[in-house]
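Novice: Sequence:
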Amino acid sequence: MQVEQIEQRLLEHFPSSEVAVNGDGSHFDVRVVSEAFAGLRAVKRQQLVYAAVNEWIRDGSLHAINIKALTPDEAQS
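Residue numbering for the sequence shown follows the working numbering, beginning at 235 and increasing consecutively.
Keep in mind that a hint or two might mislead.
Listed below are the simulated DMTMM-like cross-link pairs for lysine to aspartate or glutamate, each with C-alpha atoms no more than 25 angstroms apart in a straight line [unchecked claim]:
#, residue 1, residue 2
1, LYS278, GLU246
2, LYS302, GLU289
3, LYS278, ASP307
4, LYS302, GLU241
5, LYS278, GLU252
6, LYS278, GLU289
7, LYS278, GLU241
8, LYS302, GLU246
9, LYS302, GLU252
10, LYS302, GLU238
11, LYS302, GLU269
12, LYS278, ASP293
13, LYS302, ASP258
14, LYS278, GLU308
15, LYS278, ASP263
16, LYS302, ASP263
Each pair of labels, with its calculated beta carbon distance range [stated by the list, open to error]:
#, residue 1, residue 2, range
17, GLN239, GLY273, 26 to 32 angstroms
18, ALA272, GLN236, 26 to 32 angstroms
19, ALA285, GLU252, 14 to 20 angstroms
20, ALA285, ASP263, 15 to 21 angstroms
21, SER311, GLY259, 28 to 34 angstroms
22, ASP293, ALA272, 30 to 36 angstroms
23, GLN310, GLU289, 29 to 35 angstroms
24, ARG243, PRO306, 16 to 22 angstroms
25, ALA276, ASN256, 16 to 22 angstroms
Honestly, the hints are just simulated from the structure, not real lab data. All figures in this text were calculated on a predicted structure; none of them were measured in a lab. Note that CB positions come from ideal geometry on N, CA and C, so glycine has one too.
Could you put the whole structure together from the sequences, leaning on the hints where they help?
Specialist: Here it is, written out as structure tokens:
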């Protein structure tokens with residue numbers, strides 16, 4: 235699994251968002267800043283991000299993911 239693949243997938247699911255991915259092949263840290271998260275609790279935000287990469291989690295390509303999902307206002311704080 236490549237960082238670029240995850241970034242591309244997240245940008246497809248969260249257009250006009252800021253996406254940053256760091257990782258080593260199977261473990262990744264993901265930061266998504268999107269208006270789509272406005273008004274949502276942290277668990278729902280993570281569920282949305284997981285949904286974008288779920289096929290890779292199921293097939294074992296992506297073993298572990300640490301998610302930080304923020305609104306633009308939260309990212310500036």
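Novice: If a hint holds in the structure, say so; if it does not, say that too.
Specialist: Do the hints match the structure? See the list:
1. The suggested pairing of LYS278 with GLU246 holds, with an alpha-carbon distance near 18 angstroms, which does not exceed 25 angstroms.
2. The straight-line distance between the Cα atoms of LYS302 and GLU289 is roughly 20 angstroms, inside the 25 angstroms bound, and the hint therefore holds.
3. Restraint check for LYS278 and ASP307: the C-alpha separation of about 18 angstroms stays at or below 25 angstroms, so the hint holds.
4. Distance check on the hinted pair: LYS302 and GLU241 sit about 14 angstroms apart at the alpha-carbon level, within 25 angstroms; holds.
5. Simply put, LYS278 and GLU252 have alpha-carbon atoms about 18 angstroms apart, close enough for the 25 angstroms limit, and the pair holds.
6. Restraint check: the Cα-Cα separation between LYS278 and GLU289 comes to about 18 angstroms, which is no more than 25 angstroms; the hinted pair holds.
7. Taken as a hint, the LYS278 and GLU241 pair is honoured in the structure, with Cα atoms around 20 angstroms apart against an allowance of 25 angstroms.
8. Distance hint between LYS302 and GLU246 is fulfilled; the C-alpha atoms sit about 17 angstroms from each other, no more than 25 angstroms.
9. Between the alpha carbons of LYS302 and GLU252 the distance comes to roughly 12 angstroms, so the proposed pair stays at or under 25 angstroms and holds.
10. A threshold of 25 angstroms between alpha carbons decides the hint, and for LYS302 with GLU238 the separation of about 18 angstroms falls inside it, so the pair holds.
11. Between LYS302 and GLU269, the direct Cα distance comes to roughly 14 angstroms. Compliance with the 25 angstroms bound is thereby established for this hinted pair.
12. Distance restraint check for LYS278 and ASP293: the Cα-Cα separation of roughly 23 angstroms lies within the 25 angstroms cut-off, and the hinted pair is therefore satisfied.
13. Under the criterion of a C-alpha separation no larger than 25 angstroms, the hint pairing LYS302 with ASP258 is consistent with the structure, at around 17 angstroms.
14. For the hint pairing LYS278 with GLU308, the CA-to-CA distance comes to about 16 angstroms; that is within 25 angstroms, so the pair holds.
15. Between LYS278 and ASP263, the direct Cα distance comes to roughly 18 angstroms. Compliance with the 25 angstroms bound is thereby established for this hinted pair.
16. A C-alpha spacing of about 8 angstroms is found between LYS302 and ASP263, which places the hinted pair at or below 25 angstroms, so the restraint holds.
17. For the pair GLN239 and GLY273, the beta carbons lie near 29 angstroms from each other, so the given range of 26 to 32 angstroms is met.
18. Between ALA272 and GLN236 the CB atoms are about 30 angstroms apart, so this pair conforms to the stated range of 26 to 32 angstroms.
19. The hinted window of 14 to 20 angstroms between ALA285 and GLU252 holds, with their beta carbons roughly 19 angstroms apart.
20. A hinted range of 15 to 21 angstroms for the beta carbons of ALA285 and ASP263 is consistent with their spacing of about 18 angstroms.
21. Remark: the range hint 28 to 34 angstroms for SER311 to GLY259 is upheld by a beta-carbon distance near 32 angstroms.
22. Range check, ASP293 to ALA272: about 32 angstroms between beta-carbon atoms, so the 30 to 36 angstroms window is met.
23. A hinted range of 29 to 35 angstroms holds for the C-beta pair GLN310 and GLU289, which are about 32 angstroms apart.
24. The beta-carbon spacing between ARG243 and PRO306, approximately 21 angstroms, falls within the hinted interval of 16 to 22 angstroms.
25. Our hint of 16 to 22 angstroms for ALA276 and ASN256 holds, since their Cβ atoms are close to 20 angstroms apart.
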